[in-house]
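Chemist: The residues making up each chain are set out below.
2 protein chains.
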Amino acid sequence: MPKTDRAAPLTALRALLKKEELDGLIVPRSDEYLGEYVPPCAERLAWITGFTGSAGLAVILAERAAVFSDGRYITQMDDQVDGALWDRLHISDTPPKAWLSDHAPEGARIGYDPRVISQTALDALDAPGIMLVPTGFDLIDAIWTDRPAPPSAPAQVHPLEFAGESSEAKRTALAAKLAETGQDAAILADTTSIAWLLNIRGTDVPCTPVVLSYAILHADGRVDLFVNPQKITPDVRAWLGVAVTVQAPDALESALKALGGKTVRIDPAATPVWFAQVLEAAGATLVEAADPCVLPRARKNHVEQEGARAAHLRDAVAVCRFLHWLDENAATSTELDLVEQLRAFRAEAPEYREDSFDTISGAGPNGAIIHYRVTPETNRSVGTDTVYLVDSGAQYPDGTTDITRTIWTGPGEPPAEVTDAFTRVLKGNLLLGRTVFPSGTSGSALDALARYALWQGGLDFDHGTGHGVGSYLSVHEGPQRISKVPNRVSLEPGMILSNEPGYYRPGAFGIRLETLLLVTATDVGKDGRNFFAFETLTLAPFDRRLVDVRLLGPEAAEFLDSYHAQVLKKVGPLLPEDARKWLAHACSPINRK
Amino acid sequence: MPKTDRAAPLTALRALLKKEELDGLIVPRSDEYLGEYVPPCAERLAWITGFTGSAGLAVILAERAAVFSDGRYITQMDDQVDGALWDRLHISDTPPKAWLSDHAPEGARIGYDPRVISQTALDALDAPGIMLVPTGFDLIDAIWTDRPAPPSAPAQVHPLEFAGESSEAKRTALAAKLAETGQDAAILADTTSIAWLLNIRGTDVPCTPVVLSYAILHADGRVDLFVNPQKITPDVRAWLGVAVTVQAPDALESALKALGGKTVRIDPAATPVWFAQVLEAAGATLVEAADPCVLPRARKNHVEQEGARAAHLRDAVAVCRFLHWLDENAATSTELDLVEQLRAFRAEAPEYREDSFDTISGAGPNGAIIHYRVTPETNRSVGTDTVYLVDSGAQYPDGTTDITRTIWTGPGEPPAEVTDAFTRVLKGNLLLGRTVFPSGTSGSALDALARYALWQGGLDFDHGTGHGVGSYLSVHEGPQRISKVPNRVSLEPGMILSNEPGYYRPGAFGIRLETLLLVTATDVGKDGRNFFAFETLTLAPFDRRLVDVRLLGPEAAEFLDSYHAQVLKKVGPLLPEDARKWLAHACSPINRK
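Each protein sequence line maps, in turn, to chains F and L.
Counting from 1, position 280 in the first sequence corresponds to residue 280 in the numbering used here; the numbering is continuous, with no gaps.
Just add 593 to the spot in the second sequence (first one is 1) and you have the numbering used here.
Among the clues, some could well be false.
Restricting the straight-line Cα-Cα distance to at most 20 Å, the calculated cross-link-like pairs of lysine to any residue (SDA-like) are [unchecked claim]:
hint : chain 1 : residue 1 : chain 2 : residue 2
1    : F       : LYS257    : F       : VAL278
2    : F       : LYS484    : L       : ALA1126
3    : F       : LYS484    : L       : GLY1057
4    : F       : LYS257    : F       : PRO134
5    : L       : LYS1077   : F       : GLU492
6    : F       : LYS526    : L       : ASP1013
Hints in this document: simulated from the structure, not taken from any laboratory.
Pulled out of the complex, with its shape left as it was, chain F reads as follows (with noise of 0.2 Å):
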């Protein structure tokens, strides 16, 4: 959409400001769940901007506004939206609180929706001198004459061959764990908390399989459910039993008040501020905390676990066809044929639903863009001697992957600078995901293994180590992660999250190599001490053409030979003829190299 298109909208939104005596309007990327993704329907801030990056925010004054991305999006910040009408802004360097205390009148009223930001979020904006005023409707939403529909698809039931525990078990625990601390009801803003709980999946938004809907869980059990009645087919329905009620999304503010009195766990941090002002306004007691759901779902239960390991395999002969595919075809194809590819291959399983992020491809340069998204403007050709980049996953009713892996196409020696990086990121990834340690360790506690031999190259990485995965959820879940940012969250059996160091070199190459890991556990501890270790998932190998086996040494090449003779074990079996003779070679031992 051309730029100027975008001057009529913040035309009609000044106006209402004005009618709605407000001096200005805070309009955030979140929508009214705070997921990762938003329905077109939500997408009030391209709406407003033309700005379509996954993160940002919108201050809008009398007479000046502007957008604030993080480093990720300066670029298409500046391709997409106005400078004219908009101050394009990097949100550490200007951060949207301090941009308001230059520019906002002292005394200005500022308004927000207070559905589709958390309290944690709207302190954030806070600044002195400013007044922030919830709105009673979204101005955006008033003024969008060309809104799309909301989603409407139905929800699925998420058998229990596949939860491995019924709703009525988690909903028992849980309730039993409120009623212990005194809470009379949780608020569940979390669509994939929701999911987890009432063990059903929807096609909402893209890559994660939720249905848009809020939910109360009482300490009696019972559960109210604020979603479309539309999405609730009779399946659905019955499956949700008796202590699921179903009611439509406008009866929730009456819900609320009638928890006037009561205790009430809610999460500032992701539940929509609008939440805790209905719930205060009424006379309720709020006990800030996790959304009780968290951490349940992030601890698989052993049917999670082994349709993880059915997920991975599957997704593994995929990712292994594809590996062999590109070393065939690299030179001929672009960045956005081998994210069709991969796709094509992941499609040929029935189970396959999507993919559970976006797939980054990036080919020399492109592949140093830590969240690079291929465009037909940005799109590359791989070519020869060419280092590549691929993370990408797939939904499947039984996991949630995410797997990268970083190739040399070939058929030249490949650089010693990118040799030296590579192999310091495999080692690291080596080191972390076959460490054993003992429980109360949290991820941050571990990071530094998966940096450790970069460091001694003097090199890093700017990212985490790891995410939380979902089970057929958020390939993006917490509250486990891999991280320098301290978290006391202890790793324990039956999380899974990605290990994923990585090496960077601005406008030359990207290097990032990442394997799911899940916590098992051991016999090794000794003193009586309890000890876990990590199970890889991810099964597919390494580029061995870009391994200096020096710089390995015997201890990770062991590591890496162990990991290959794995690989070739549980895919070769899977894979047609040409493709197994490739992965023979390509799972080699590394001293033969």
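Following the hints, complete the assembly by docking chain L onto the known chain F.
Modeler: Same frame as chain F, but now just chain L:
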């Protein structure tokens, strides 16, 4: 002192409680300065309970009383405290707050002296249904008839040749930061901060050369120092300069009241709660933040760094002579003999002032007691074929040392379980000590490097890996540390930390290997990254007899040999002939073991 002597003080205290209309009293171990060491006149916990451990708390009610300490002191508490008068409790198993809830009557008024407890410590005692009441005087002091006199030794000048930066420069820099953030003054209740800021030292408590005092740093650079004026000799008075006023401690209250209407920075964890109570009553605005001296004190300047090197070399001469002596005399020595012998070697240096903490000298099973302090009752003969652990340090005017070595006394071969654990501890010490890391890395991010080798054997240790160390100040100094516990303090050049992984088999043996590390700048960072390294200050060999060379592996062997070569080169020339020969053997390459 026999247990029964403590009945009379308890009876007297209960009479006083009744008179003061209190239902109970909290008696912490801390004194007015909340430091690690307290002078005899402030050993209130010991006087009322009989318990002399360095951490603990008592709660006295009308009919019942309890004393609490941690796992280190359970045995000692049972020995020293009369079970007929006191419940003797593990502070983690039965927190004082829970005990108060169980035993204090509903609505009980529980007194505390606000001069000897921090806000943070007080908050941890705030049980529902009881009222914590600050007392206008210390009730223990009121009944303590034979209370020792407070220390009155003179303060000492800490000259520029050791301090490296004038007090005026320090005060000016900190005052500018206060002014920048709109703070009118900062309360300094940490005696090590005052010693650092004013470049003075003292002998008021053992092991930490501080002057018991308080200070107020004003945003114009002036300091009010509250201290017994007898301690301030004319030389020290001149050294302090005109911007520092010296006042008697009883002038403090009116000085705090004079801050009414001002913005005052105060550290709620490191300041007696009385300060905040007086300031708030006077109408001051309190800003809760760490004492502003903490970070600059931790970043040793170049003179302090040179001082640390000189102090460690001097200390190494004593330690290497001791280790040589030990090899020839262990079989006929007791733990206490060795404490004395080590002190005697150190005391030969004219710069030796005192030990920086009570030496831990543990043979066999005593080595497994992490905070072991040998007494005549626990004193063991070391004997042959014993694992002996010695953790000690000294105060010199140019630096503070802290070193642990673990020795096999022979003549037999050490058991495999000992060499296995020793080698893993050594690998952890070497891996951490030799790593490089990017700026912005905290000690908690590095902790796993010290544990990795132990973890692979199913082993671990239950203490932090490293604490900060002062410059002729406290051997335990924040804010930096290396620990599993999340910590956001970035390591910066000039900081000194201990590196002390260990392994303890209760009832059998203990291993700990400790070196002090200085954070240094490097040029190894690529891509414009700033990387730091550690310089190992401590110079004494690790016992080669306890190394399993195969388990050590080639990389760690190279680190060990390189460290030993450096020890020999630096310390060897300073040793007498026979010790030099011993050191040359102790430092020979590990593969020639």
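Chemist: For every hint, state whether the structure bears it out.
Modeler: Outcome of the hint check:
no.	hint	result
1	F:LYS257 x F:VAL278	holds (7 Å)
2	F:LYS484 x L:ALA1126	holds (18 Å)
3	F:LYS484 x L:GLY1057	holds (18 Å)
4	F:LYS257 x F:PRO134	holds (18 Å)
5	L:LYS1077 x F:GLU492	holds (16 Å)
6	F:LYS526 x L:ASP1013	holds (13 Å)
Hint check: no violations occur; every hint is consistent with the structure.
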